[in-house]
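One letter stands for each residue in the lines below.
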Amino acid sequence: MFIADYSAKNIYDEMFSNEGFPRKSYDFVKTKMESLGGIELLKRSSSAERALMSLGITFTLYGDGGEQERIMPFDVIPRIVPSEEWINIEKGLKQRILALNLFLNDIYSERKILKDKIIPSEIIDSSTGYLKQCMGLKPPKDIWIHITGTDLVRDGAGAFHVLEDNLRCPSGVSYVLENREVMKRTFPELFEKLNIRQVYDYPYHLRSMLENLTDVSDPVIAVWTPGVYNSAYYEHSFLAQKMGVYLVEGTDLVVENHKVYMKTTKGLRKVDVVYRRIDDTFMDPTSFREDSLLGVKGIFEAYKRGNVALANAPGTGVADDKVIYSYVPKIIKYYLGEDPIIPNVPTYLCSEGPDLKFVLENIHNLVVKAANGAGGYGMIIGPKSTKQEQEDFKELIKADPRNYIAQPVLNLSTVPTLISDKIESRHVDLRPFILYGKDIYVMPGGLTRVALRKGSLVVNSSQGGGSKDTWVLG
Amino acid sequence: MLSRVAESVFWMNRYIERAENYSRFIDVNHQLSLDLNEEVPNQWLPLVHTTGDYELFEKRYSNPTPVNVIRFMTFDEENPNSIFQCLSKARENARTIRENISTSMWEVLNEFYLYVKNYRKLYLESTEAHGDTLSMDLSDFLSTVRKSCQSFYGCSDATISHDEVWNFALLGRFLERADKTTRILDMKYFILLPSVHDIGSTLDLLQWLSLLKSASAHEMYNRKYKKIDPTDIAEFLILNDTFPRSIIFCIQEMQEALEKISGLKEGLPRNSAQDATTVYLNRLRSENIKSIFDKGLHEYLDDIQIELNQIGSKIVERFFTN
Chain L
182 MFIADYSAKN IYDEMFSNEG FPRKSYDFVK TKMESLGGIE LLKRSSSAER ALMSLGITFT
242 LYGDGGEQER IMPFDVIPRI VPSEEWINIE KGLKQRILAL NLFLNDIYSE RKILKDKIIP
302 SEIIDSSTGY LKQCMGLKPP KDIWIHITGT DLVRDGAGAF HVLEDNLRCP SGVSYVLENR
362 EVMKRTFPEL FEKLNIRQVY DYPYHLRSML ENLTDVSDPV IAVWTPGVYN SAYYEHSFLA
422 QKMGVYLVEG TDLVVENHKV YMKTTKGLRK VDVVYRRIDD TFMDPTSFRE DSLLGVKGIF
482 EAYKRGNVAL ANAPGTGVAD DKVIYSYVPK IIKYYLGEDP IIPNVPTYLC SEGPDLKFVL
542 ENIHNLVVKA ANGAGGYGMI IGPKSTKQEQ EDFKELIKAD PRNYIAQPVL NLSTVPTLIS
602 DKIESRHVDL RPFILYGKDI YVMPGGLTRV ALRKGSLVVN SSQGGGSKDT WVLG
Chain U
19 MLSRVAESVF WMNRYIERAE NYSRFIDVNH QLSLDLNEEV PNQWLPLVHT TGDYELFEKR
79 YSNPTPVNVI RFMTFDEENP NSIFQCLSKA RENARTIREN ISTSMWEVLN EFYLYVKNYR
139 KLYLESTEAH GDTLSMDLSD FLSTVRKSCQ SFYGCSDATI SHDEVWNFAL LGRFLERADK
199 TTRILDMKYF ILLPSVHDIG STLDLLQWLS LLKSASAHEM YNRKYKKIDP TDIAEFLILN
259 DTFPRSIIFC IQEMQEALEK ISGLKEGLPR NSAQDATTVY LNRLRSENIK SIFDKGLHEY
319 LDDIQIELNQ IGSKIVERFF TN
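Protein sequence lines correspond, in order, to chains L and U.
My numbering numbers the first residue of the first sequence as 182 and each following residue consecutively.
My numbering numbers the first residue of the second sequence as 19 and each following residue consecutively.
Everything labelled a hint here was simulated from the structure, so no lab data went into it.
Predicted model, so just to flag it, every value in this text is computed and none were measured.
Be careful, since some hints might not be right.
The list that follows gives simulated cross-link-like pairs (lysine-lysine, DSS-like), each with its CA atoms no further than 30 Å apart [claimed, not checked]: (1) L:K423 <-> U:K313; (2) U:K332 <-> L:K444; (3) L:K447 <-> U:K332; (4) L:K319 <-> L:K511; (5) U:K278 <-> L:K451; (6) U:K139 <-> L:K423; (7) L:K224 <-> U:K278.
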């Protein structure tokens with residue numbers, strides 16, 4: 182059977198050790214796949230794809246040929262995280278979110294961490310995610326970051342690292358839930374046998390977290406989407422539907438007397454909590470970008486007056502600036518007095534002289550990213566780039582060193598993946614979703630993104646990546 | 019519910035209803051043309067007149083051949099009312115209100131759209147390769163369209179709450195249906211008989227029969243009337259208050275939906291859309307088929323369309339824009 186030909190050398194493979202033995206957590210899955218055989222596996226794979234097509238689980242891609250609706254490529258071989266490893270990840274993520282929240286609370290009020298010179302204040306003040314309009318702001322229950330999607334990767338030795346914190350509008354949780362539904366149909370026998378931790382209740386956790394943001398009883402909750410043309414529109418409507426709350430666009434909302442209302446068939450109705458999936462600066466043309474057509478005039482003032490709760494709080498973007506990311510271990514130490522449970526990936530800051538020199542000289546061996554880039558844009562992967570691309574990128578860095586960080590090229594772990602009619606190894610990352618309400622909830626598993634091109638390390642769906650169901654056992 | 023959502027629900031249902039009616043029009047005409055010999059005047063142009071899109075058709079096609087008419091009404095992406103366009107727009111509307119409809123409704127509609135999109139591609143490729151011929155499985159396609167529309171309705175009925183969303187869906191569906199029934203009846207106005215002596219001939223009756231079939235009314239009509247007669251057919255399709263595609267039935271349903279929208283918890287005050295519908299329904303109830311024919315059926319049908327448009331604008335004004 183074709184899984185027998187699979188080999189993973191010089192890399193951390195999630196399923197097989199370098200000696201070619203299946204890891205314990207994968208024992209049953211491997212045996213099952215072998216007994217099913219290649220033809221059956223392909224059959225099940227195509228039936229899973231058909232199911233996703235019928236469900237219309239798509240995202241929109243913008244490019245030369247105009248916009249295209251695509252199905253997120255989905256691979257049926259699951260990615261398994263053993264429970265003993267998961268316990269640690271869960272602890273580490275909670276620690277990180279707690280510390281980042283204290284950090285946000287601090288820098289928008291007393292700024293002790295800056296006064297104590299743990300972080301240079303110019304780094305904060307020059308961050309595009311830092312909104313001076315939020316100075317002095319007190320969000321409900323002192324929580325800033327309600328929803329996080331933290332990207333984790335394994336290094337060559339199999340150790341997990343945090344690659345980045347996504348605190349603004351992290352996407353992908355709908356794929357986690359839909360992938361799981363499709364996997365249950367595809368491999369019922371695996372679900373019968375293995376004790377896979379459930380993810381179906383995420384929308385309930387999300388809803389109760391949102392309700393926790395207000396003291397209004399039976400609050401009116403809305404998910405705010407930029408609209409049907411946004412690439413994550415499917416997810417916005419999915420979450421609204423699963424939570425049973427309203428899905429609104431900017432034009433559905435209006436602010437009167439510093440309160441937020443939506444336009445209904447029965448006239449205006451007050452909105453108490455908004456889960457916004459729209460960037461900070463597009464939210465309100467009166468307080469931020471004047472040219473925003475998506476925003477609602479006056480909503481920021483309504484928020485400051487406590488008349489509406491917003492998740493995530495405006496201004497959180499400063500904490501997922503990639504430069505500030507490099508300070509997170511210090512942030513954890515400063516606020517919690519603890520060492521980070523999950524380490525960062527080593528990071529060079531181009532704003533620091535010696536680091537800059539090193540990055541410019543070693544760009545061919547590094548990944549360089551824009552401090553506020555996302556979706557695989559604004560970055561260069563040294564070893565995969567041409568001399569010319571490296572020279573061009575160096576100019577970008579020299580012109581604005583504050584805006585760039587560099588990291589060694591990580592040999593991301595791999596998972597066997599069905600590629601046409603063969604099983605090949607492909608690199609993966611992992612994005613668990615974390616909710617901060619009454620307490621902190623970490624979804625068991627998360628979105629495993631897989632780089633479908635051979636050898637590629639770029640997993641973003643906008644760059645042709647796919648996804649896998651992630652199983653936490655036990 | 020959000021005004022924007024109410025509007026999308028309304029239109030989603032109008033488009034589905036329109037696609038269903040178009041599939042029936044085309045199919046019946048297709049069947050009819052197979053029964054007729056070539057000396058009979060063109061059977062396809064009246065269909066285009068019926069839809070009110072004659073000008074657009076003329077711009078795009080030189081000849082009202084069966085293939086052209088079918089392509090125009092079924093697959094043409096420049097025709098905003100073609101089955102393909104109706105489905106695309108219904109699905110687009112559904113996408114903007116997914117949180118208000120059930121997953122099974124969405125799945126039916128999404129699969130339906132993918133089917134039409136795929137069939138369209140094959141159809142266009144095949145007419146390109148084989149020239150202007152009628153596809154053999156066109157009837158199959160049209161019947162799948164009809165069944166999919168019905169399974170969408172059935173699915174809506176059984177899987178979403180019969181609350182405001184549902185009532186706006188009914189408004190859209192019945193407003194569209196009433197309009198299409200007037201157009202079906204009016205089709206006879208555009209179908210010319212070879213000569214005036216043919217009135218009452220087999221051909222004439224065959225045409226009337228095809229109208230009944232276009233409205234899926236043939237069997238129900240037979241249960242009530244004993245022979246094919248133009249006056250009886252018009253009476254049945256305008257004034258029969260138990261047949262679900264008659265004008266009066268559609269207006270009754272709209273009136274009821276509007277009553278429910280107003281009367282729902284935290285209800286709305288009575289409104290002009292509701293008033294206009296009630297007034298019009300009462301007028302219809304006092305009509306009889308003789309006075310309608312005295313006035314002239316074609317003119318009378320025009321009046322109904324104007325009345326429906328007015329009710330439609332009042333709904334838009336009252337609920338969708340604020």
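Original post:
For the pair supplied as a hint, K332 (chain U) and K444 (chain L), is the alpha-carbon distance within the 30 Å limit?
Top reply: Distance ~18 Å between K332 (chain U) and K444 (chain L) Cα, so the pair holds.
Original post:
Regarding the pair K139 (chain U) and K423 (chain L), is the alpha-carbon distance no greater than 30 Å?
Top reply: With Cα atoms ~35 Å apart, K139 (chain U) and K423 (chain L) exceed 30 Å; violated.
Original post:
Does the alpha-carbon distance linking K224 (chain L) and K278 (chain U) stay inside the 30 Å limit?
Top reply: 49 Å, violated
Original post:
If you draw a straight line from the CA of K423 (chain L) to the CA of K313 (chain U), is it 30 Å or shorter?
Top reply: 55 Å, violated
Subject >> Pair hint K319 (chain L) and K511 (chain L), alpha-carbon separation not exceeding 30 Å >> reply: 24 Å, holds
**OP:** Take the C-alpha atoms of K447 (chain L) and K332 (chain U), compute the straight-line distance between them, and say whether it is at most 30 Å.
**Re:** 15 Å, holds
Original post:
Does K278 (chain U) pair with K451 (chain L) here, judged by a C-alpha cut-off of 30 Å?
Top reply: Holds: K278 (chain U) and K451 (chain L) sit about 23 Å apart, inside 30 Å.
Violated hints, in rising order: 1, 6, 7; the structure is consistent with all others.
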